[in-house]
Amino acid sequence: AQSVTQLDSQVPVFEEAPVELRCNYSSSVSVYLFWYVQYPNQGLQLLLKYLSGSTLVKGINGFEAEFNKSQTSFHLRKPSVHISDTAEYFCAVSDSGGGADGLTFGKGTHLIIQP
Amino acid sequence: ETGVTQSPTHLIKTRGQQVTLRCSSQSGHNTVSWYQQALGQGPQFIFQYYREEENGRGNFPPRFSGLQFPNYSSELNVNALELDDSALYLCASSLAGTIYNEQFFGPGTRLTVL
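Residue numbers (this note's numbering), protein chains in the order written: chain A, 1 to 115; chain B, 1001 to 1114.
Since the hints were derived computationally from the structure, they do not count as laboratory data.
C-beta: ideal position from N, C-alpha, C; glycine also.
Keep in mind that a hint or two might mislead.
Ranges of calculated distance between the beta carbons of each label pair, as one might list FRET restraints [unchecked claim]: (1) B:Arg1063 / A:Ser54: 42 to 50 Å; (2) B:Ala1096 / A:Arg77: 28 to 36 Å; (3) B:Glu1052 / A:Asn41: 26 to 34 Å; (4) B:Ala1038 / A:Pro12: 19 to 27 Å.
With these hints in hand, go ahead and build the complete structure from the sequences.
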């Protein structure tokens, strides 16, 4: 069985400062890893995904994440945040590309950007 | 390209009732997955439909059931509603057969059970 742990339920950051949102996973097989963003009263939007290849993955809105197999981590980073980045961020894992077993999500991290 | 749509947006039911939620998949997609997101939690996988049949299921009881229609739209039915069924229900569509069938999510239906 897979699981995802997002270590911080809430992360306050000042505008234009860097941010890292932490994600650790457990799985007995090779995995695909994802970060989704959820704005208030909206569905989930894919920020980036790791399927294979380079461990540094770049996504939309200036976000990037690094896959670390030895530490089973997939932390999300942005060098300079904007007020519009305020949202809930979810890390997710799949061993079948979001297929018949679906995606397993963490509990989410609320990113709060302070002016 | 039309995105994933869900109806209704909000719904209030009482314990013991039955509910049907609807989802129209993104143009060109043939697979639909349903997720339950309780308040303050991440989404949990309920099940997936492909070619009008259930293709995979998470840890949800049989009173959660679904349908997929020939146009790939889908319904989620929940019988004998319980208070804990109050949640945001998300539908995601994807195209099976690609290396990774990326899931595109709809805005969700907020279900409140009183």
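Hint check results:
no., hint, result
1, B:Arg1063 / A:Ser54: 42 to 50 Å, "44 Å, holds"
2, B:Ala1096 / A:Arg77: 28 to 36 Å, "32 Å, holds"
3, B:Glu1052 / A:Asn41: 26 to 34 Å, "31 Å, holds"
4, B:Ala1038 / A:Pro12: 19 to 27 Å, "24 Å, holds"
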